[in-house]
Amino acid sequence: MERIIRTALELGFGYAPVALALFLSFRILDIADLATDGCFVLGAAISVRMAAAGNPLLGILLAVPSGMLVGAVSAELQTRLGIPSILAGIITNTALYSVNLMVMGWRSNVNLIKEDSVFTLFRKMIPGAWSDFLLLTVFPTVIALLLKWFMSTRLGLSIRATGDNPVMVRASSIDTSSMIRAGLLISSSMTALSGAVIGQYQKTVDINSGTGVVVIALACLIIGETVLGRKSMNKSIAGAVIGSVIYRFVYALVFYTQLVPVQCLKLLTSAVVAAAIAVPHLREERAAVSGTDAAEKEGEENA
Amino acid sequence: MLDIQRISKTFLPGTINEKKALDCVSFSAQDSEFITVIGSNGAGKSTLFGAISGSFPLDAGKILLDGEDITRLPEYRRSRFIGRLFQDPMSGTAPGLTIEENLSLVLLQGKKDATVFSRITVKDRDMLAEKLAELGMGLEDRLKQPVGLLSGGQRQALSLLLATLYPPRLLLLDEHTAALDPESALRIMDLTEKIARNSGATCLMITHNIQQALDTGDRTLIMSKGRIVADISGETRRSIGVSGLTELFRKNAGTDYASDRILLTDDI
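Sequences listed follow chains C and D, in order.
Just so you know, we're using the working numbering here: the first sequence kicks off at 1 and counts up by one.
Just so you know, we're using the working numbering here: the second sequence kicks off at 304 and counts up by one.
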């Protein structure tokens with residue numbers, strides 16, 4: 001039982017930066033970054049491959065610039081070349097499939113057998129069953145704190161305002177395209193970093209291990225918003241991390257109780273995400289319809 | 304000094320919807336001059352503002368500001384010295400950011416030796432609260448609230464402060480009080496005149512209210528069909544009155560009464 005809880009917590013924190021990345025790209029910039037899946041695998045591939053070559057720490061660090069590169073490509077496609085953001089993400093993601101295979105040495109998976117990972121190195125320093133957990137909580141916590149700080153800097157404020165009111169941003173002599181580029185650069189590096197950590201944690205990377213990561217991260221984001229609300233920046237950032245942990249608990253629950261067949265979990269996740277995004281829209285539409293009804297009624301009364 | 308030289312703009316050229324929005328418009332404005340612009344709908348007033356602030360490329364003509372040719376400067380670079388306010392109070396502020404964050408964004412953007420990672424200091428925050436207090440709307444106590452919660456008048460006052468936080472060389476006001484209730488509109492007009500005077504910027508204001516056009520500022524331009532058809536100032540402007548100006552408009556614009564109905568409404 002302890003192991004189940006621990007694993008859920010570990011995975012929750014390990015995947016949390018992807019939810020933070022989606023918070024930045026989807027909630028703040030209003031861009032559904034579909035390159036997330038491939039970007040996650042790229043980070044994992046680089047990290048596991050480097051660990052296999054005896055450089056686990058370098059593998060994690062290299063994931064950051066590689067993620068930035070993905071973000072840059074995707075951003076250039078949409079800001080300079082006029083490709084709609086969703087399509088730019090799909091194109092980048094498709095291209096990444098080949099890139100990821102190449103990074104993995106044209107194999108569909110790479111495993112760590114006896115080689116060290118950052119986790120085995122850390123266990124030598126701090127032994128115990130909760131060693132991995134400790135490392136995995138420190139990492140998204142640092143990222144979350146950095147993100148919180150970043151959001152109040154000049155660049156962070158400019159990115160936030162770009163998603164909020166681009167007209168006002170241009171009127172403040174800020175180039176909105178540059179802000180979209182900067183935002184995607186940062187979100188993609190967080191995604192790749194999460195892939196790198198999860199890859200070494202699971203001691204394996206598979207070319208298909210990224211499938212559904214973007215939808216799961218969205219689900220985490222929505223769970224977090226439901227629990228903590230989205231009133232403030234602090235709550236939103238904490239919510240993304242907490243949402244990610246809750247999701248992994250639900251996953252563990254389903255996995256061990258077989259409440260729903262595990263194979264159906266992605267179907268369920270998609271349904272939850274679709275519903276969570278649809279409900280506010282439907283509510284608004286309903287309010288608009290009843291609003292017109294009320295107006296008509298009033299009109300009749302006045303007549 | 305703003306110098307507009309024979310600028311023209313046609314939208315959708317060669318189509319059935321072709322619209323000659325600016326037809327060889329020329330005029331110049333002195334530093335700290337306050338000019339009101341009137342004209343019926345579609346006369347090209349807002350297009351003129353769009354041309355000056357760089358929202359679209361011109362077909363012909365030149366725009367000089369203090370002798371510098373800014374005709375081809377991109378919009379976001381021009382906004383460094385051009386402040387612009389719109390009719391819609393929603394357009395000048397970011398609703399999801401707090402009042403303090405909106406102000407910080409603009410403050411940091413113009414601050415010398417600010418890097419991309421700069422944040423505002425305690426001193427900056429005090430200065431911003433002071434500036435907010437000058438608006439007389441109690442916004443200085445609501446620094447941490449998202450701007451989306453403010454009323455239209457409050458948002459427009461904040462927009463005005465944002466546009467003039469660094470004194471612009473040119474302030475463009477596009478019916479910025481038209482969507483407000485009468486009381487807020489008066490309040491914002493008072494603030495506008497005060498801020499415009501203090502900043503020393505050249506100020507252009509579009510209005511549909513003739514009385515306001517004559518009461519505010521030093522000079523009035525009348526536009527019709529993409530041209531400036533009258534330019535009055537000084538003694539002429541002081542003595543002309545609403546009916547005189549309406550008469551002048553009808554004569555110079557050469558249009559029928561019905562299509563100019565909008566010009567003749569004298570409510571705010």
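Keep in mind that the hints are not guaranteed to be accurate.
[As the list claims (entries may be wrong)] With beta-carbon atoms standing in for the labels, derived distance ranges:
1) D:Q448 to C:A53: 50 to 56 Å
2) C:E76 to D:T374: 51 to 57 Å
3) C:I86 to D:S421: 47 to 53 Å
4) D:D444 to C:I5: 43 to 49 Å
5) C:H281 to D:Q448: 22 to 28 Å
6) D:D427 to C:A276: 35 to 41 Å
7) C:L81 to D:P377: 17 to 23 Å
8) D:K415 to C:A32: 45 to 51 Å
9) C:L57 to D:G439: 37 to 43 Å
These aren't lab readings, by the way, just hints derived from the structure by calculation.
A virtual CB, placed ideally from N, CA and C, is assigned to each residue, including glycine.
Each hint tested on the structure:
no.	hint	verdict
1	D:Q448 to C:A53: 50 to 56 Å	holds, 53 Å
2	C:E76 to D:T374: 51 to 57 Å	violated, 28 Å
3	C:I86 to D:S421: 47 to 53 Å	violated, 34 Å
4	D:D444 to C:I5: 43 to 49 Å	holds, 46 Å
5	C:H281 to D:Q448: 22 to 28 Å	holds, 26 Å
6	D:D427 to C:A276: 35 to 41 Å	holds, 39 Å
7	C:L81 to D:P377: 17 to 23 Å	holds, 18 Å
8	D:K415 to C:A32: 45 to 51 Å	violated, 38 Å
9	C:L57 to D:G439: 37 to 43 Å	violated, 58 Å
When held up to the earlier numbered hints, the structure conflicts with 2, 3, 8, 9 and fits the remainder.
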